[in-house]
Amino acid sequence: MPRPHPGTLIRATLRMAAGVFVAFIIFAPLSSLVIWSFTRKWFWPHPFPQELGLFYWRKVLEGDLFRALQSGFFIAVIVTVLTLLLTIPLAYLLARYPVPFKAAILLVFLLPHAFPQLPVFVNATTLLYRAHLAASVSGVVLIHMVGALVYAVWTMTAVFRSIPASLEEAAWNLGASRVKAFFTVAMPLATPGLIASTLLVFLYSFDEFTGTLLVGSPFVLTLPVYMYRTSVGYELQVASIAALILMVPGLLLLVVLERYLKSEYLSMFGRI
Amino acid sequence: MTPRLLSLAVAAPPLAIVVWLFFLPFLSSAHLSFIRDGEWSLRNYALVWRLYKLDVLYTLGVSLLSLVLVIGIAALVCGYLRLVGHRVVEFLFKVPLFVPFVVVGHGMRVLLAPRGTLNSALAQVGLIDLGDPPSIAFTWAGIVIALVWKNLALAVLLVLGAYRAVDEAYLEAARNLGASTFRQIKDVLLPMAAPSLVVASAFMFTSMLASFSIPLMIGGGEPPQMLMVDVYYRINYQDDLGTANALGMVSYLFAMGVAGYYLRTITVRPV
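Top line first, the protein sequences correspond to chains A and B.
Residue 96 in numbering that gives the first Met the number 0 is what sits at position 97 of the first sequence, and the numbering runs on without skipping anything.
Residue 18 in numbering that gives the first Met the number 0 is what sits at position 19 of the second sequence, and the numbering runs on without skipping anything.
Source of the hints: derived by calculation from the structure; they are not laboratory data.
From the three backbone atoms N, C-alpha and C, an ideal C-beta is built for every residue, glycine too.
Wrong hints could be hidden among the right ones.
[What the hints assert, rightly or not] To spell it out: a stretch of chain B is covered by chain A in this simulated footprint if at least three of its residues, at any positions, have a beta carbon under 8 Å from a beta carbon of chain A; those stretches are: (1) 39-47; (2) 83-97.
[To be verified] Reference excerpt, derived from the structure (chain A facing chain B, CB under 8 Å, subset only): (3) Ile9; (4) Leu13; (5) Pro28; (6) Leu92; (7) Tyr96; (8) Pro115; (9) Gln116; (10) Leu117; (11) Asn122; (12) Tyr227; (13) Leu245; (14) Gly249; (15) Leu253.
Next up, chain A with everything else stripped away, as it sits in the complex (with noise of 0.2 Å):
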């Protein structure tokens, strides 16, 4: 067998070196809040936790924990039927059809990622407080929707435009009414944007904040309001076994629909 070059030794030991460097980068903060989950004593300055359990685990899934992902779920699972049912009808006539102001209705859906929500949400809050819908379920749920709308908007508007016209209207020279081509023709055709666009608008309203804490408080509590209050709170074991949690749909559609997921969308779920 010949030798290999130094030089490409030298460069395969660099490539090596540069995979290791980023990896920790990326895992530093996250290994962090995976050792403080299994810690059930850490007095410092020990270097590393004194006992390591499940006792936390045991603990936190039994009590508030629980309950906030449960209604963080609830919230999410609402939300992604409600904005599919608004959007998917509009988004098909938006790329059907010379809808009058199109471009405008688009960057309508776009506002609420182009200004600074926290100061709005503050107001909307009071708008929904005049409507007895603050600190509700449905309040949550509609501001949520504020945020999502657009990512469904605008994958599905790009999905069905992506689709021949034409299918659809060899499905109308054959009998069918434009109600049945849609749902015989476009909306088969559409199922993998519908399934990307579904992933974004759960991902969103499971992962959302800002509005949550501001229109929930104090009687609706998803997964993110709580694990920001435990952490602020220095309950760090119960926080971090809350930020794992909340990471876990997240990286379960990265290592599942990396292959799949085309770069726009996967730059969409950057903005969560």
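Go by the hints and put chain B onto chain A.
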């Protein structure tokens, strides 16, 4: 029903939600910023000028520094990924995309606090003295590190996309003339991907200015603070909607400036 009417009817409910809970509150924010003790006045803005000058500069400084770091690192890393390639590194940079902002805030807090895991690890190799541990969390550096960590993923994704769109022929020509990897990045990839970089920067700058959960969790307890934290504290502890909204207006003005700059670049230079 005509298609025009039908489409407007279908558009109405989702638009109503955004108008009701974003556009109207935005207007009410502008309105309330000029109201003090029930009458029109500029006193809220005077208070912002007196108390929050430094905070505005601090917010701009932290956001600008984070942006420069993010774009600088992304430009180089993506150049390497485009020209040489490294699948592991490329995958690793996608991880923060799926880590929510609040989790980044908490993770960095645990890592960078005076008694955090980083100091603990560094003390093992004798780099720091645990009797007087340095703190990165609760300072501007903590906010910058957390913002860079989270936004780098998005920047790498966008910049790499732009680099991949650059025709290989230009790079080959540069290589034939003896250009190194760095020269290919600096003189070919970067100029040709500039419009995408502007888009990415504009978006990220606004999101850094408006970042709330990260500075709330990792920022210091004393002023200066990031603007969004000031808004939140002003409401929570002082119950002072007027000043909070005036601070909000300052942040909207910056966001509008960025949006205007962004729209001008993409209309002047067709991509």
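When the least beta-carbon distance from Gln116/A to chain B is tested against 8 Å, hint result: holds (7 Å)
Residue hint Tyr227/A, partner chain B, criterion CB-CB below 8 Å: Nearest chain B Cβ about 6 Å off; hint holds.
Minimum beta-carbon distance criterion (8 Å), Ile9/A to chain B: violated (14 Å)
Interface hint for Pro28/A, Cβ within 8 Å of any Cβ on chain B: At 3 Å from the nearest chain B Cβ, Pro28/A passes the 8 Å test, so the hint holds.
Assertion that chain A covers the stretch 39-47 of chain B - criterion: three or more residues, beta-carbon distance below 8 Å: violated (count 0)
Interface hint compliance - Leu117/A to chain B, C-beta minimum distance less than 8 Å: holds (5 Å)
Claimed coverage, the stretch 83-97 of chain B by chain A - three or more beta carbons nearer than 8 Å: This one holds; 11 residues, not fewer than the three required, reach chain A with a Cβ under 8 Å.
Chain B contact restraint on Leu245/A - CB to CB distance below 8 Å: holds (5 Å)
Per-residue hint verdict: Tyr96/A, partner chain B, C-beta under 8 Å: holds (5 Å)
Residue hint Leu253/A, partner chain B, criterion CB-CB below 8 Å: holds (5 Å)
Satisfaction of the Leu92/A interface hint, Cβ to chain B closer than 8 Å: holds (4 Å)
Proposed interface contact between Leu13/A and chain B, which counts if any beta carbon pair is under 8 Å: violated (10 Å)
Hint violations for this structure: numbers 1, 3 and 4, all remaining hints satisfied.
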